[in-house]
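Residue-level listing of the chains:
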Amino acid sequence: MGRRLRANSHQKNNENELTEHSEKRISNVLAENISTLKALYSDCYDVVFRSFLIGEMLQAELVFIDNMVDREQLDTQVLDVLMTCKDSTLVNIQNIINESLPVASVEPIETIKQCVDDISLGNPILFINGSQEAIRIGLNKLQNSQITDPENEPVIQGPKYGFNESLQTNASLLRQRIRAPELKMVLLETGRYTKTQVVVTYMASVADHALVEEVMDRLKRIEMDGVLESGYIAEMIEDSPLSPFPQIKSTERVDVVAANLLEGRLAIIVDGTPTVMIAPVSLISFIQAADDYYNRWLFGSSFRFLRISSLFLSLVLPALYVALTTLHQEMIPSDLLVSIASSHELIPFPTLVEAVIMQLIFEILREAGLRLPRQVGSAVTIVGALVVGEAAVTAGFVSTTMVIVTAISGITSFTAPAYSLEMAIRILRFVLILLGGFLGLLGVVFGLIGIAIHLSSLRSLGVPYLTPIAPANLSEWKDAWIRSPWWKLNRRPRLTGRWNKYRQAKHQKPANKKRGE
Amino acid sequence: MDIQRNVTQISVFQIALLLAMAMNSTAILTAPAITVQYAQRDLWLSPLFSSVSGIIVLFLAIHLNRRFPGMTVIQYSEYCIGKWPGKIISGIFLLVVLHIGSIIVREYAEFVKGMFLDETPLLVIICGMVILSTYATRSGIEVIGRLAQLFVPGVMLTWVILLLLTIPDWDVMNIFPAFDGGILPAIRGSITPQGWFSEMFLLSFLLPHLKKNSPIKKWMIIMVVFAAINLSILNIISLFVFGNLVPTLTYPVMSLIRYVNIADFLQHIDALLLIIWVIGVFLKIVLFQYCIASGCAQWLNVEKFRPLVLPLGFLMVLFSLWSASSMQDLSAYLKDTSFFYAMIFFLIYPLGLFLIAIVRKPKIRRD
Numbered sequence: 038m039g040r041r042l043r044a045n046s047h048q049k050n051n052e053n054e055l056t057e058h059s060e061k062r063i064s065n066v067l068a069e070n071i072s073t074l075k076a077l078y079s080d081c082y083d084v085v086f087r088s089f090l091i092g093e094m095l096q097a098e099l100v101f102i103d104n105m106v107d108r109e110q111l112d113t114q115v116l117d118v119l120m121t122c123k124d125s126t127l128v129n130i131q132n133i134i135n136e137s138l139p140v141a142s143v144e145p146i147e148t149i150k151q152c153v154d155d156i157s158l159g160n161p162i163l164f165i166n167g168s169q170e171a172i173r174i175g176l177n178k179l180q181n182s183q184i185t186d187p188e189n190e191p192v193i194q195g196p197k198y199g200f201n202e203s204l205q206t207n208a209s210l211l212r213q214r215i216r217a218p219e220l221k222m223v224l225l226e227t228g229r230y231t232k233t234q235v236v237v238t239y240m241a242s243v244a245d246h247a248l249v250e251e252v253m254d255r256l257k258r259i260e261m262d263g264v265l266e267s268g269y270i271a272e273m274i275e276d277s278p279l280s281p282f283p284q285i286k287s288t289e290r291v292d293v294v295a296a297n298l299l300e301g302r303l304a305i306i307v308d309g310t311p312t313v314m315i316a317p318v319s320l321i322s323f324i325q326a327a328d329d330y331y332n333r334w335l336f337g338s339s340f341r342f343l344r345i346s347s348l349f350l351s352l353v354l355p356a357l358y359v360a361l362t363t364l365h366q367e368m369i370p371s372d373l374l375v376s377i378a379s380s381h382e383l384i385p386f387p388t389l390v391e392a393v394i395m396q397l398i399f400e401i402l403r404e405a406g407l408r409l410p411r412q413v414g415s416a417v418t419i420v421g422a423l424v425v426g427e428a429a430v431t432a433g434f435v436s437t438t439m440v441i442v443t444a445i446s447g448i449t450s451f452t453a454p455a456y457s458l459e460m461a462i463r464i465l466r467f468v469l470i471l472l473g474g475f476l477g478l479l480g481v482v483f484g485l486i487g488i489a490i491h492l493s494s495l496r497s498l499g500v501p502y503l504t505p506i507a508p509a510n511l512s513e514w515k516d517a518w519i520r521s522p523w524w525k526l527n528r529r530p531r532l533t534g535r536w537n538k539y540r541q542a543k544h545q546k547p548a549n550k551k552r553g554e
Numbered sequence: 116m117d118i119q120r121n122v123t124q125i126s127v128f129q130i131a132l133l134l135a136m137a138m139n140s141t142a143i144l145t146a147p148a149i150t151v152q153y154a155q156r157d158l159w160l161s162p163l164f165s166s167v168s169g170i171i172v173l174f175l176a177i178h179l180n181r182r183f184p185g186m187t188v189i190q191y192s193e194y195c196i197g198k199w200p201g202k203i204i205s206g207i208f209l210l211v212v213l214h215i216g217s218i219i220v221r222e223y224a225e226f227v228k229g230m231f232l233d234e235t236p237l238l239v240i241i242c243g244m245v246i247l248s249t250y251a252t253r254s255g256i257e258v259i260g261r262l263a264q265l266f267v268p269g270v271m272l273t274w275v276i277l278l279l280l281t282i283p284d285w286d287v288m289n290i291f292p293a294f295d296g297g298i299l300p301a302i303r304g305s306i307t308p309q310g311w312f313s314e315m316f317l318l319s320f321l322l323p324h325l326k327k328n329s330p331i332k333k334w335m336i337i338m339v340v341f342a343a344i345n346l347s348i349l350n351i352i353s354l355f356v357f358g359n360l361v362p363t364l365t366y367p368v369m370s371l372i373r374y375v376n377i378a379d380f381l382q383h384i385d386a387l388l389l390i391i392w393v394i395g396v397f398l399k400i401v402l403f404q405y406c407i408a409s410g411c412a413q414w415l416n417v418e419k420f421r422p423l424v425l426p427l428g429f430l431m432v433l434f435s436l437w438s439a440s441s442m443q444d445l446s447a448y449l450k451d452t453s454f455f456y457a458m459i460f461f462l463i464y465p466l467g468l469f470l471i472a473i474v475r476k477p478k479i480r481r482d
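Those sequence lines, one after another, are chains A and B.
Everything in the first sequence is counted per the working numbering, starting at 38 for the first residue and increasing by one.
Everything in the second sequence is counted per the working numbering, starting at 116 for the first residue and increasing by one.
Simulated from the structure, these hints should not be mistaken for laboratory data.
Please note that the accuracy of each hint is not assured.
As the list claims (entries may be wrong) - With a cut-off of at most 27 Å between alpha-carbon atoms, the simulated DSSO-like pairs for lysine-lysine come out as follows:
1. B/K326 - A/K515
2. B/K327 - A/K538
3. A/K221 - A/K197
4. A/K150 - A/K61
5. A/K525 - A/K543
6. B/K327 - B/K476
7. B/K326 - A/K538
8. A/K178 - A/K232
9. B/K476 - B/K202
Could you put together the complete structure from these sequences and hints?
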């Protein structure tokens, strides 16, 4: 008990110290500043305090975090220059900045809090005796990860690179995609301890400014210890956090983010994760794949339509099978019924139980395949799917038709371009199976109606989730059920892009003219 | 922040879809069987006559709404016939709507139980539906409008496909001899459906939420004509397929769809009928429940109708169990009583209000 109390008081002290110092200005006595910082960074082996003399007379001290600075640059451009400099007019901070620091990003700072913020970003801070300001030297060197393929969202045609873990790289990738000054990027910081940088980006000439403000508000309201992934933020700013359906789209693809920005949506980039969030979105956004827009429109349209039907099938097929075979056998064509019945003849379980067990096993296999190291993962899938499945059928535990139904519902769910939508479908599938088992077709219809009511009342940052289906906007169906040719898609989506309606000139359909006419 | 946020609105198109669905969903099951009693072979003509009362009640609803903007029948009755008489009649009116809504629930439950789930208790079938309609009603008029928009196109498409599949069984000669007893039988056959059409007076509860300057009259006429033609087509197809047998069937449309057999594979597609019909009847029940709940809130001068939805849903379950002892009871009611019941409250009562409003020109307090 006593120990815990002591630990508590210790914690309190530490916190008080931070808040106490946060507004404190830098004093002109060097030793005082250094002792403040040393107290804050006690027991931090990686924080380096390097004292030296500027021009052999002026006391100065560099504070930085060891592995986050560009040491080479620091040695040659800062220490070397300052120590060998003979000028005695260097007492003034401005003079130092202007004359003897050959570094691009240099800035005077005034409070201890700013110092701490910058040190944790990796920027060295230069304190000079007798000056009320310190100098932030922008020589941080962050661990850059390579730009790699967006592994979870592959395309056949289209760019083969995605975001990575570094905010700087991600922002620059986006900037390379949209070179206009209208692309705004607003930097925020969240997370009490992680101080994660978050960038809200939007097209100033297209996006709804009220929406931007709303997002900023919601982001600023977040108060948590750490923001380690964009999922933290998504969950904190969603409209209906209890819904199984994702209301914010995450993607690793630069082109997807760029396309959505151009439609008037916002993107939120979080430092430390390759997943960028896009909002507001509708259900249809989760079905649109990047490929749709790069392939020729006829194929884009057909594949999108195929995807929509597959996802629907994935949701209802097992439930329909259970409902029909248990309660409405008379509705199955007789030949089909005979083959189903013969395969189910020796199975010890009712169809409902069989369906739930099979779905569960399928989900377990997927989860196991996901968690295991990649080399082992494929083995698990093969063993699980082929060996166990085959054995279960021959042993008469499950019927072959049930295996087929489960496999089809699993495979069709893979057509979802967005993993988050697929998860919603997987969960709801179980609900529908249960309803189908208890109330037959009526139960399945009940389930679908319930899902429809839920979807109709959902909103993503204020935009109805089912646009453009309900509330309907027929002209937007051109990019919902199908992907019309580009020369048809003149308007931006209404609810996100209504301030700047047209995205291209009209009448651009290529005319069929012969050369020289 | 968003144009649609905080404003509960419904578009004229959504209203049209909702009413058309509400109109047709219960009618399609029994219409041919009921009409044929009087109209015999001219049953396809009757719905066109029935639609007259539909047009009258819609006209009344729209004009009363124009005279008392932003109000429903519950509110303006007080201006027309005085505060307390208005309250009393509105209370009865709400009870009637509740009763008719519950009868629709019962009708649905009897059909589903009789045709698809004979061993499931009636209460389960009823409760499932009322839970869903409560959920939808609580979500508000905006969501109801969206649901109509979401479901109706699919339902219509399936419906058309189902009817097209019956083409091989048509015997067009069944229609003759037409007008055997003159036009009168067709008019007599139109009487019961008049009751269904007059239910469209519930539009009165939706109009205050209509977006400003919508072409409501145009769409309502399109909707009524569409609903009437749909019923007509249904009647004529039943006649084509079953001829003189139509009067012997309880659910002619159901039998019609069960009759479909194409290439020995496409058969027993009555499952599809069940799906679209449950969806249609769901929309109708939601419409009724919304009207009851919002009407009740206005009647009691409560600002929000949401807390009333669940208790009223519970009442609907009870009423639906009480309202008839058996299916025979129910169809007797549907055939004979329902017409007068609906006519008095959905046609004659609003007509009275309308006449009083014209004569007395009651002033509306504006605060």
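Do the hints match the structure? See the list:
With a C-alpha separation of about 25 Å, the suggested pair B/K326 and A/K515 falls inside the 27 Å cut-off, and the hint holds. Distance hint between B/K327 and A/K538 is fulfilled; the C-alpha atoms sit about 23 Å from each other, no more than 27 Å. Restraint check: the Cα-Cα separation between A/K221 and A/K197 comes to about 25 Å, which is no more than 27 Å; the hinted pair holds. For a cut-off of 27 Å, the pair hint linking A/K150 to A/K61 stands: about 7 Å separates their Cα positions.
Restraint check for A/K525 and A/K543: satisfied, since their Cα atoms lie roughly 8 Å apart, inside the 27 Å limit. For the suggested pair B/K327 and B/K476, the alpha carbons sit about 24 Å apart, so the restraint of at most 27 Å is met. For the given pair, B/K326 sits about 22 Å from A/K538 by alpha-carbon distance, which is consistent with the 27 Å threshold. Annotation: proposed proximity of A/K178 to A/K232 holds, straight-line Cα distance about 17 Å (limit 27 Å).
Of the pairs offered as hints, the one joining B/K476 and B/K202 holds, with about 19 Å between alpha carbons and a cut-off of 27 Å not exceeded.
Taken one by one, the earlier hints all hold for this structure without exception.
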